[in-house]
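Could you use the hints to bring the two separately framed chains together as a complex?
Those protein sequence lines, which keep their order, are chains A and B.
Just so it is clear: in the first sequence, position 62 is 61 by numbering that gives the first Met the number 0, and no numbers are missing.
Just so it is clear: in the second sequence, position 310 is 309 by numbering that gives the first Met the number 0, and no numbers are missing.
Think of the hints as simulated: they come from the structure by calculation, not from any bench.
Treat each hint with caution, since some may be false.
[Unchecked claim] Each computed SDA-like pair below joins lysine to any residue, with the alpha-carbon atoms no more than 20 angstroms apart:
{"hint": "1", "chain 1": "B", "residue 1": "K130", "chain 2": "A", "residue 2": "A76"}
{"hint": "2", "chain 1": "B", "residue 1": "K130", "chain 2": "A", "residue 2": "T130"}
{"hint": "3", "chain 1": "B", "residue 1": "K130", "chain 2": "A", "residue 2": "S120"}
{"hint": "4", "chain 1": "B", "residue 1": "K130", "chain 2": "A", "residue 2": "R35"}
{"hint": "5", "chain 1": "B", "residue 1": "K130", "chain 2": "A", "residue 2": "G14"}
{"hint": "6", "chain 1": "B", "residue 1": "K130", "chain 2": "A", "residue 2": "Q128"}
{"hint": "7", "chain 1": "B", "residue 1": "K130", "chain 2": "A", "residue 2": "P137"}
{"hint": "8", "chain 1": "B", "residue 1": "K130", "chain 2": "A", "residue 2": "Y71"}
{"hint": "9", "chain 1": "B", "residue 1": "K130", "chain 2": "A", "residue 2": "T74"}
{"hint": "10", "chain 1": "B", "residue 1": "K130", "chain 2": "A", "residue 2": "C47"}
{"hint": "11", "chain 1": "B", "residue 1": "K311", "chain 2": "B", "residue 2": "D321"}
{"hint": "12", "chain 1": "B", "residue 1": "K130", "chain 2": "A", "residue 2": "T122"}
{"hint": "13", "chain 1": "B", "residue 1": "K130", "chain 2": "A", "residue 2": "D127"}
{"hint": "14", "chain 1": "B", "residue 1": "K130", "chain 2": "A", "residue 2": "N77"}
{"hint": "15", "chain 1": "B", "residue 1": "K130", "chain 2": "A", "residue 2": "S12"}
{"hint": "16", "chain 1": "B", "residue 1": "K130", "chain 2": "A", "residue 2": "A75"}
Residue strings, one per chain:
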Amino acid sequence: MSLQETAEAPVDSFGQFFREGGEGTVALPHCQDCDRHHWYPMERCPHCFSQRLAWGSVSGRATVYSVTTVRYAFTAANRGRTPYGIALVTFDDVPDVRMVCRTGACEEGSDVAVGDAVMVSVTADATDQDTGMVTCAPLPRNAGSGAHGER
Amino acid sequence: MSSTSDICITGIGATPPARRSTHSIRRLVVDAALAAIEDAGLRPEDIDGMVSDSVIMSASVPRDWLSAQLGITRTFDASLSYGGAGSVGAPLLARTGLRQGLCRNVLVYFGVDWGSRPSGPYGFHDMYPAKRAYEKPIGFDAQPEYFGLLAARYAEEYGLADEELGAFAVAQREYAVRAGIGQKTTPLTMEQYLATPMISDPLRFEDCCLISDGAVAYVLTVEERAADGPHRPVYVRGVGFGSEATSGDDIFSQRADYLSFPGTAQAVAAVECDASLPLSEADFAEVYDCFTISCLLQLEDLGLCDRGTAGKFALAGETRLDGRLPVNTHGGLLAHSYLLGAEHVIEAVRQLRGDAGPNQVENARVGLVTGLSVPDYALLMLSN
Numbered sequence: 000m001s002l003q004e005t006a007e008a009p010v011d012s013f014g015q016f017f018r019e020g021g022e023g024t025v026a027l028p029h030c031q032d033c034d035r036h037h038w039y040p041m042e043r044c045p046h047c048f049s050q051r052l053a054w055g056s057v058s059g060r061a062t063v064y065s066v067t068t069v070r071y072a073f074t075a076a077n078r079g080r081t082p083y084g085i086a087l088v089t090f091d092d093v094p095d096v097r098m099v100c101r102t103g104a105c106e107e108g109s110d111v112a113v114g115d116a117v118m119v120s121v122t123a124d125a126t127d128q129d130t131g132m133v134t135c136a137p138l139p140r141n142a143g144s145g146a147h148g149e150r
Numbered sequence: 000m001s002s003t004s005d006i007c008i009t010g011i012g013a014t015p016p017a018r019r020s021t022h023s024i025r026r027l028v029v030d031a032a033l034a035a036i037e038d039a040g041l042r043p044e045d046i047d048g049m050v051s052d053s054v055i056m057s058a059s060v061p062r063d064w065l066s067a068q069l070g071i072t073r074t075f076d077a078s079l080s081y082g083g084a085g086s087v088g089a090p091l092l093a094r095t096g097l098r099q100g101l102c103r104n105v106l107v108y109f110g111v112d113w114g115s116r117p118s119g120p121y122g123f124h125d126m127y128p129a130k131r132a133y134e135k136p137i138g139f140d141a142q143p144e145y146f147g148l149l150a151a152r153y154a155e156e157y158g159l160a161d162e163e164l165g166a167f168a169v170a171q172r173e174y175a176v177r178a179g180i181g182q183k184t185t186p187l188t189m190e191q192y193l194a195t196p197m198i199s200d201p202l203r204f205e206d207c208c209l210i211s212d213g214a215v216a217y218v219l220t221v222e223e224r225a226a227d228g229p230h231r232p233v234y235v236r237g238v239g240f241g242s243e244a245t246s247g248d249d250i251f252s253q254r255a256d257y258l259s260f261p262g263t264a265q266a267v268a269a270v271e272c273d274a275s276l277p278l279s280e281a282d283f284a285e286v287y288d289c290f291t292i293s294c295l296l297q298l299e300d301l302g303l304c305d306r307g308t309a310g311k312f313a314l315a316g317e318t319r320l321d322g323r324l325p326v327n328t329h330g331g332l333l334a335h336s337y338l339l340g341a342e343h344v345i346e347a348v349r350q351l352r353g354d355a356g357p358n359q360v361e362n363a364r365v366g367l368v369t370g371l372s373v374p375d376y377a378l379l380m381l382s383n
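The following block holds chain B by itself, in its conformation from the complex (with noise of 0.2 angstroms):
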């Protein structure tokens, strides 16, 4: 039995942020799974669907695992990506298990224990084998290093004045403090943040984003049953993925188009032919910001902003609640946590259900979420 029905999210949850959690990373996942079942208005056994990210899950906390936890008997199982990317890509394979009867609830979940491993996220890449035989032992060892590169060369291309950088780290901060829910909670200025130290430049402390402990969940039903949960549903209008013929190993120094992320053309002109909507109908957006510079990338790449502009953009304001494109409203990895963008969809979410307290997007109908997991890059347009 297909179908061609719409698919909704219909419950969000998401343990606290945490620079380090007093809980394991498998407990993590637990709870924000059960809060998320539970924010659905359903019970554990209720789902018979799971999808997560190919990588980090699969190795860390499997689907399996979490099946037992919870007594789910599942019929339909799949992952993609890993990190951000498979977060905010989850729907499209949620969607094909929901659509073709081989399911009725899917559960998508993430977790991350950065904040209290030892090699931190640093340790991640070593899976990549120039990385481990080349880049390491040179020093080329960290992402605030290969993201210092690409803010290099922006501002040799384009010109880049500090200030653009910290206009997404102090809007940002802004939404954060409002919010009251994420690991930031006193304010950045402009002035405190040109005086934190440099750490690889051009970027400084404050344009790198947080490391955390957490999990988030969100569970996902096709429209005919997302009306009976408890909440107002959210749509996912259109949901794209892309990647390119380039490796982990290449990212940070082959790419030709070395300003611009792979995969993300391809992954525009899937959600825009899935959503049949134009990015620009979006009313707010959650980027991904493992950096200030990553998110600035992200506008003009998914032409947002024209090249060379997107930084003016967020130093006028435009980032802003008042602005033209609300970004990152709960203060992104930047300044609420950094579950690599799993949080970003649980934000967008709470963002259509008209439930995003001071940051509340006024008449907010679509939102974008982005995932990016170089090379993958993952496009989520959401709508109420």
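Chain A extracted, bound-state conformation (with noise of 0.2 angstroms):
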């Protein structure tokens, strides 16, 4: 299920999570003991409570759980930049995994629907690789999905 693994690595910070994550690539809190994948990073699995966690990455094909349209700028932040979408998505390879992503918007609604395809990316912010930007991307339906195949 997971792609690639990193060497065994503290999973206590966003850094490394911004540094290997990619377009169409996330990097995950991975147990190595009962082989699960997790967010947010924590101390322990939250499923078997080892402390044998790595960083694996996983592919960014994503389903959207949930979406909703940001029309307001509730920080200094986003002034300007309303409205934005803000999509909650399940991974394809690790589906009890969710993540939020933004997503682009306009007056009438996000450009994601709840229940559709997506690709999420991650960016290193340029000047502090501890954190940055992930975003989803609608893939068209019939997209060519490497090795998982047509869902």
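Given below as structure tokens:
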């Protein structure tokens, strides 16, 4: 299920998530004992409570679980950037892990809907690699899906 | 010396609800505390126990500071959770102090200055690392978005007409306008509700609670002494607290049972056992309503409505004064003020004293109060 494993590393911050992720690739904390992923980073696996955790990359292919269009800027950073979409997605490889992503939106609403297939991309901030942006974009219904096949 | 005496709320105090107060939060808490103590027929030096929430008051109006202002010597001191679950669950701790004879009169208090504080409520969740490092930079940075996602998922699973959420906002505005003691004093029709701007779909402006400055306090003592006070005692019939193995980081995205709040099952079991009464015996409910959808979800979590039906329950008028279960009879966080649910306790006491004026629930005997402080939850059953 997990495509790549990095060396065992502390899973206690977001730096590795942003540095190892990319376009269509998402690094998640992965338990070496029960082989399950989780999110957010934790000291112990929430499934088996092992502390043998590493980062493991999964495909960014995901399905929209819920989505909202944000039309009001609650913080200065988003002033002039509304409306934008916030989607909660589940990964096709790890359906019990959900991730909050930013997505596009216009006055009519966000550009993804519940149930849509999307691709998640992770971009580290240029100056502070411990933070960054996570987006999801709609996938064409019949897009090639690599090793995972059609779902 | 320990006892199994019932404990009662004998005094309540509240500052006038305000979007922005000219007073500091510390002054507001002093005012509310003095009002509650006087309402109980006591003097400040009669108070010897204090309970507050563990996070907000402990940081902004600590119990030692308040004791110094009021001349209170404490032999009992405790704190619980944060915000609403702390204020609603406080009798759980107060009862321990009172029954064990550690103290005679317990003051519970809570205040908030999110109306005048520049970051308002949005800065509060910065205490969670995932919020700071991950969610905020993405733009998942405010409570209406967290609850907007919940409402959108609910709509997907059960269907949710706009008017079903609106029914909560409209009904609570009716209460607030009739009571005339809250921040909202003008009526809200369904048409007006539907015309207010979307904030975070499907939540509109009027689905979101107010922002306020203010404070409330209440006084508890054992049944034997409660009869000495000037008001009809209000009995703590049952109190329950619950929380689950989920953190503030995870709660708005990772919970497997996404559409229910953690801790509710534990709190329901605890309060029903403590009160020897099912929640369905409540004649009215003051339900933590930071958003219309949070009130809707709790009515289902608590088993007061079947899954997928709470919106229809509200739309049928069942949460109004003449409905099957009057809900948030002062207007709640949506229309009275947003003191994180502490004022819900005060309103339940008013109802059970028969002091709720135009919003008095006829023959009110048992009232339910909920405190939602995800991932913590508290329930309080009061009776007269």
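Status of the hints after comparison with the structure:
Among the hinted pairs, K130/B with A76/A is consistent with the structure: their alpha-carbon atoms are about 15 angstroms apart, no more than 20 angstroms. Straight-line distance between C-alpha atoms of K130/B and T130/A comes to about 11 angstroms, which keeps the hinted pair within the 20 angstroms bound. Distance hint between K130/B and S120/A is fulfilled; the C-alpha atoms sit about 19 angstroms from each other, no more than 20 angstroms. Of the supplied pair hints, the one linking K130/B and R35/A is violated, its CA atoms being roughly 23 angstroms apart against a limit of 20 angstroms.
With a C-alpha separation of about 14 angstroms, the suggested pair K130/B and G14/A falls inside the 20 angstroms cut-off, and the hint holds. Pair hint K130/B plus Q128/A holds up; C-alpha atoms about 16 angstroms apart against a cutoff of 20 angstroms. Between the alpha carbons of K130/B and P137/A the distance comes to roughly 25 angstroms, so the proposed pair goes past 20 angstroms and is violated. At roughly 18 angstroms between alpha-carbon atoms, K130/B and Y71/A fall within 20 angstroms of each other, so this suggested pair holds.
Distance check on the hinted pair: K130/B and T74/A sit about 13 angstroms apart at the alpha-carbon level, within 20 angstroms; holds. A hinted pair counts as satisfied when its Cα atoms are at most 20 angstroms apart, and K130/B with C47/A does not qualify at roughly 25 angstroms. A threshold of 20 angstroms between alpha carbons decides the hint, and for K311/B with D321/B the separation of about 16 angstroms falls inside it, so the pair holds. Using a Cα cut-off of 20 angstroms, the hinted pair K130/B and T122/A holds, with the two alpha carbons roughly 17 angstroms apart.
Simply put, K130/B and D127/A have alpha-carbon atoms about 16 angstroms apart, close enough for the 20 angstroms limit, and the pair holds. Straight-line distance between C-alpha atoms of K130/B and N77/A comes to about 15 angstroms, which keeps the hinted pair within the 20 angstroms bound. At roughly 12 angstroms between alpha-carbon atoms, K130/B and S12/A fall within 20 angstroms of each other, so this suggested pair holds. Taken as a hint, the K130/B and A75/A pair is honoured in the structure, with Cα atoms around 16 angstroms apart against an allowance of 20 angstroms.
Hint violations for this structure: numbers 4, 7, 10, all remaining hints satisfied.
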